[in-house]
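Visitor: Now for the letters of each chain:
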Amino acid sequence: MAITSKDVRHVAALARLSPTDEDVELYTGQLQRILAHVEKISELDTEGVEPITTTAPVSGRMREDVVIKGLMNEDALKNSPLSARDSFKVPKIIE
Amino acid sequence: MLGTIEELQERFRNRELTSKGLTEAFLRRIDEVDDSVGAFITVSKDEALEASDTADNRMNGDGEITSLTGIPVSVKDIFCTKGTPTTCGSRILEGFVPPYDATVVRKLKEAGAVIIGKNNMDEFAMGSSTENSAYKKTKNPWDLTRVPGGSSGGSAASVAAGECIASIGTDTGGSIRQPAACCGVVGLKPTYGRVSRYGMIAFASSLDQAGPITRNVRDAAELLGVIAGFDPRESTSIDLPVPDYTAGLGGGVKGLRVGIPGEYFIDGIDGEVSTAVQNAINFFKDQGAEIVDISLPHTEYAVSVYYIVATAEASSNLARYDGVRYGQRVDDGDGLLEMYKKTRDRGFGAEVKRRIMLGTYALSSGYYDAYYKKASQVRALIKRDFDLAFKECDIMLTPTAPTAAFKIGEKTSDPLTMYLSDIFTISSSLAGIPAISLPCGFTTEGLPIGLQIIGNTLDEATVLRAAHAYETGTEWHQKRAKL
Numbered sequence: 001m002a003i004t005s006k007d008v009r010h011v012a013a014l015a016r017l018s019p020t021d022e023d024v025e026l027y028t029g030q031l032q033r034i035l036a037h038v039e040k041i042s043e044l045d046t047e048g049v050e051p052i053t054t055t056a057p058v059s060g061r062m063r064e065d066v067v068i069k070g071l072m073n074e075d076a077l078k079n080s081p082l083s084a085r086d087s088f089k090v091p092k093i094i095e
Numbered sequence: 096m097l098g099t100i101e102e103l104q105e106r107f108r109n110r111e112l113t114s115k116g117l118t119e120a121f122l123r124r125i126d127e128v129d130d131s132v133g134a135f136i137t138v139s140k141d142e143a144l145e146a147s148d149t150a151d152n153r154m155n156g157d158g159e160i161t162s163l164t165g166i167p168v169s170v171k172d173i174f175c176t177k178g179t180p181t182t183c184g185s186r187i188l189e190g191f192v193p194p195y196d197a198t199v200v201r202k203l204k205e206a207g208a209v210i211i212g213k214n215n216m217d218e219f220a221m222g223s224s225t226e227n228s229a230y231k232k233t234k235n236p237w238d239l240t241r242v243p244g245g246s247s248g249g250s251a252a253s254v255a256a257g258e259c260i261a262s263i264g265t266d267t268g269g270s271i272r273q274p275a276a277c278c279g280v281v282g283l284k285p286t287y288g289r290v291s292r293y294g295m296i297a298f299a300s301s302l303d304q305a306g307p308i309t310r311n312v313r314d315a316a317e318l319l320g321v322i323a324g325f326d327p328r329e330s331t332s333i334d335l336p337v338p339d340y341t342a343g344l345g346g347g348v349k350g351l352r353v354g355i356p357g358e359y360f361i362d363g364i365d366g367e368v369s370t371a372v373q374n375a376i377n378f379f380k381d382q383g384a385e386i387v388d389i390s391l392p393h394t395e396y397a398v399s400v401y402y403i404v405a406t407a408e409a410s411s412n413l414a415r416y417d418g419v420r421y422g423q424r425v426d427d428g429d430g431l432l433e434m435y436k437k438t439r440d441r442g443f444g445a446e447v448k449r450r451i452m453l454g455t456y457a458l459s460s461g462y463y464d465a466y467y468k469k470a471s472q473v474r475a476l477i478k479r480d481f482d483l484a485f486k487e488c489d490i491m492l493t494p495t496a497p498t499a500a501f502k503i504g505e506k507t508s509d510p511l512t513m514y515l516s517d518i519f520t521i522s523s524s525l526a527g528i529p530a531i532s533l534p535c536g537f538t539t540e541g542l543p544i545g546l547q548i549i550g551n552t553l554d555e556a557t558v559l560r561a562a563h564a565y566e567t568g569t570e571w572h573q574k575r576a577k578l
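Chains A and B, in that order, are what the protein sequence lines are. In terms of the working numbering, the first sequence is numbered consecutively and its last residue is 95. In terms of the working numbering, the second sequence is numbered consecutively and its last residue is 578.
Just chain A, same shape as in the assembly:
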């Protein structure tokens, strides 16, 4: 299941990256070597093994539905590269 440069371009697009041709070539080689290593796990029989995605002893804890102080709008916008009228500003989406 060797990763190809086409796969790398596809994955980069999914991840909102646009590597140069030179980078694609470099990443393809590196990812091939990394994947060849990690594919070692395929040799294990994991039939019936329940996957774990966390070791946390708790999950989905509920809390009382009470209002607590959060970030004020002004503070939340302070780090935005571009904001206007109490909102984050983004480039035009609809032509």
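Derived from the structure by calculation, the hints contain no laboratory data. Incorrect hints may appear among the rest.
To be verified - Here are the computed distance ranges between Cβ atoms for each label pair:
(1) Lys574/B with Val67/A: 36 to 42 Å
(2) Glu145/B with Lys6/A: 29 to 35 Å
(3) Thr240/B with Glu22/A: 29 to 35 Å
(4) Asp130/B with Leu82/A: 35 to 41 Å
(5) Lys89/A with Gln573/B: 40 to 46 Å
(6) Gly70/A with Lys574/B: 44 to 50 Å
(7) His10/A with Glu189/B: 26 to 32 Å
(8) Lys177/B with Leu82/A: 19 to 25 Å
(9) Tyr463/B with Gly48/A: 14 to 20 Å
(10) Glu47/A with Leu97/B: 52 to 58 Å
Stated by the list, open to error - Straight line, CA to CA, 30 Å or less: simulated BS3-like cross-link-like pairs of lysine-lysine:
(11) Lys140/B with Lys40/A
(12) Lys40/A with Lys486/B
(13) Lys232/B with Lys478/B
(14) Lys448/B with Lys502/B
(15) Lys177/B with Lys89/A
(16) Lys232/B with Lys468/B
(17) Lys231/B with Lys506/B
(18) Lys231/B with Lys40/A
(19) Lys577/B with Lys115/B
(20) Lys115/B with Lys231/B
(21) Lys478/B with Lys140/B
(22) Lys232/B with Lys486/B
(23) Lys577/B with Lys40/A
(24) Lys577/B with Lys502/B
(25) Lys177/B with Lys78/A
(26) Lys437/B with Lys231/B
(27) Lys78/A with Lys349/B
(28) Lys506/B with Lys6/A
(29) Lys448/B with Lys78/A
(30) Lys140/B with Lys437/B
(31) Lys40/A with Lys232/B
(32) Lys437/B with Lys89/A
(33) Lys231/B with Lys6/A
(34) Lys437/B with Lys92/A
(35) Lys115/B with Lys89/A
(36) Lys437/B with Lys78/A
(37) Lys468/B with Lys6/A
(38) Lys437/B with Lys6/A
(39) Lys204/B with Lys232/B
(40) Lys92/A with Lys448/B
Glycine is no exception: its CB is placed at the ideal position from the N, C-alpha and C atoms.
Following the hints, position chain B against chain A.
Guide: Only chain B this time, still in chain A's reference frame:
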């Protein structure tokens, strides 16, 4: 000699020392050595001096005094600090000034600690050498031509270089323990969920955990007691009382069952590392511990599982850096999608992009079952290995890293070689269990060697007691890097 935090508190009480005086001394030290060490991205001089004044007033008045009141510490630049820039070692967060404190930072401040600055790190904590920082390279204080380890390399180097008393780092696959080993200091990764991740910039959320990097085991116990505890703002935070981690120190290791996992003593280990760890095992035996051979059969799969699970989580976590809400934006006027891509292309370094792509691939349609699901199943097997082994032992002893600190630039061209520096720390991260690294010797070149002690879930106290017993009986921790 500075001694332990406990001894400093004694000197504060006896009026031999003030927090202000101590803080000024560390700021001078940073001035003297940090040009060559590079442990800090930001030095918070004014805030630190102000905090030290407050601490001195607290100690002179009726204010509550904690073990950390007046103690100068640094924190990895992954923790949000209200009003102080936080970069996570990345260009994409250049100029970001958090509007709130991470819970860890809030707890330090409430305890009266003096936060002296923010430490350099591998970008988004991805790396084992701190060479992936977008800002600077941190040098190992024991040998400036070598790396300090990573990703909390700035934290470990700042403690080893005497620029602060202690630091808080984070560990996803070894990022506290491996740099602690490289820099000859103590580094503790607590149980997953023991310390709140709120305000700690996410890399791999099911693995990330904050912990102390200190000059001795007692200080690590003191710091853990301050930063640990339940946080309603964090959904995986453990809701259990925090014990006094210093209470059991001095209890020794007589009768303690010490497991030696055969899979950790492999051919690839440097001979001097192997000898030093073997000597440490003999020390525990001489002190009356019972040495038990144990097996963790899935150890050889841990690095593979980690580089699937951690990158998958990272690809999702790092989707938030889109140039909209914080950090840098690159917009050439060619639409939203291009703005995202240019912002991320320009803002992320090579290793971060590599991991985002690897994680995206592992989660992508057609590959999910073979990679992410399979890795999560093998992670369950790794966890089960530990569960079974801890029926036969109380702690485990292993090397922290297969070699001492390597040369700057030595592993940058081959990512896979770099990944393998974490082979001994990754398994316990995947299992979410606590582990500490502490000095257990030096190579003939004078580089520190780290001993790892792994404990069972929430059993930091036994890990610390065993580490303290070893430290008390040896002199490695008293050696200081000459700068």
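Visitor: For each hint, tell me whether it holds in the structure or not.
Guide: Here's how the hints hold up against the structure:
Distance hint check: the CB atoms of Lys574/B and Val67/A are about 54 Å apart, inconsistent with the given range 36 to 42 Å. Between Glu145/B and Lys6/A the beta carbons are some 57 Å apart, a value that contradicts the proposed interval 29 to 35 Å. A beta carbon spacing of about 30 Å between Thr240/B and Glu22/A agrees with the range 29 to 35 Å that was offered as a hint. Distance hint for Asp130/B and Leu82/A: a CB-CB separation of about 36 Å, consistent with the stated range 35 to 41 Å.
Taking 40 to 46 Å as the suggested C-beta distance range, the pair Lys89/A and Gln573/B does not conform, at roughly 57 Å. Taking the beta carbon of each, Gly70/A and Lys574/B are about 48 Å apart, inside 44 to 50 Å as hinted. Between His10/A and Glu189/B the beta carbon distance is about 30 Å. The supplied range of 26 to 32 Å therefore holds. Hint check: Lys177/B to Leu82/A, Cβ distance near 23 Å, so the stated range 19 to 25 Å holds.
Between Tyr463/B and Gly48/A, the C-beta spacing of about 19 Å keeps the proposed range 14 to 20 Å intact. The given range of 52 to 58 Å is respected by Glu47/A and Leu97/B, whose C-beta atoms sit roughly 56 Å from each other. Distance check on the hinted pair: Lys140/B and Lys40/A sit about 49 Å apart at the alpha-carbon level, beyond 30 Å; violated. For a cut-off of 30 Å, the pair hint linking Lys40/A to Lys486/B stands: about 28 Å separates their Cα positions.
For the hint linking Lys232/B to Lys478/B, the alpha-carbon distance of about 35 Å lies beyond 30 Å, and the restraint is violated. Using a Cα cut-off of 30 Å, the hinted pair Lys448/B and Lys502/B holds, with the two alpha carbons roughly 24 Å apart. Proximity of Lys177/B to Lys89/A is assessed by CA-CA distance (about 24 Å); at most 30 Å being required, the pair is judged to hold. Straight-line distance between C-alpha atoms of Lys232/B and Lys468/B comes to about 36 Å, which puts the hinted pair past the 30 Å bound.
With a C-alpha separation of about 17 Å, the suggested pairing of Lys231/B with Lys506/B holds against the 30 Å cut-off. Between the alpha carbons of Lys231/B and Lys40/A the distance comes to roughly 35 Å, so the proposed pair goes past 30 Å and is violated. Proximity of Lys577/B to Lys115/B is assessed by CA-CA distance (about 25 Å); at most 30 Å being required, the pair is judged to hold. For the proposed pair Lys115/B and Lys231/B, the alpha carbon gap of about 29 Å is at most 30 Å, so the pair holds.
Annotation: proposed proximity of Lys478/B to Lys140/B is violated, straight-line Cα distance about 44 Å (limit 30 Å). About 43 Å separates the Cα atoms of Lys232/B and Lys486/B, which puts this hinted pair outside 30 Å; it is violated. Between Lys577/B and Lys40/A, the direct Cα distance comes to roughly 43 Å. Violation of the 30 Å bound is thereby established for this hinted pair. For the suggested pair Lys577/B and Lys502/B, the alpha carbons sit about 18 Å apart, so the restraint of at most 30 Å is met.
Restraint check for Lys177/B and Lys78/A: the C-alpha separation of about 12 Å stays at or below 30 Å, so the hint holds. Note on Lys437/B and Lys231/B: the hinted pairing holds, with a Cα-Cα distance of about 23 Å set against a maximum of 30 Å. Under the criterion of a C-alpha separation no larger than 30 Å, the hint pairing Lys78/A with Lys349/B is inconsistent with the structure, at around 57 Å. At roughly 27 Å between alpha-carbon atoms, Lys506/B and Lys6/A fall within 30 Å of each other, so this suggested pair holds.
Restraint check for Lys448/B and Lys78/A: satisfied, since their Cα atoms lie roughly 27 Å apart, inside the 30 Å limit. Taken as a hint, the Lys140/B and Lys437/B pair is broken in the structure, with Cα atoms around 35 Å apart against an allowance of 30 Å. Restraint check for Lys40/A and Lys232/B: not satisfied, since their Cα atoms lie roughly 33 Å apart, outside the 30 Å limit. About 17 Å separates the Cα atoms of Lys437/B and Lys89/A, which keeps this hinted pair within 30 Å; it holds.
Among the hinted pairs, Lys231/B with Lys6/A is inconsistent with the structure: their alpha-carbon atoms are about 34 Å apart, more than 30 Å. Restraint check: the Cα-Cα separation between Lys437/B and Lys92/A comes to about 16 Å, which is no more than 30 Å; the hinted pair holds. Between Lys115/B and Lys89/A the alpha-carbon distance is near 44 Å, which puts this suggested pair outside the 30 Å criterion. Taken as a hint, the Lys437/B and Lys78/A pair is honoured in the structure, with Cα atoms around 22 Å apart against an allowance of 30 Å.
With a C-alpha separation of about 24 Å, the suggested pairing of Lys468/B with Lys6/A holds against the 30 Å cut-off. Proposed proximity of Lys437/B and Lys6/A is supported: the alpha carbons are some 20 Å apart, at most 30 Å. A C-alpha spacing of about 28 Å is found between Lys204/B and Lys232/B, which places the hinted pair at or below 30 Å, so the restraint holds. Taking the CA atoms of Lys92/A and Lys448/B, the gap is near 26 Å; set against the 30 Å cutoff, the hint holds.
In this structure, the earlier hints numbered 1, 2, 5, 11, 13, 16, 18, 21, 22, 23, 27, 30, 31, 33, 35 are contradicted, and the remaining ones agree with it.
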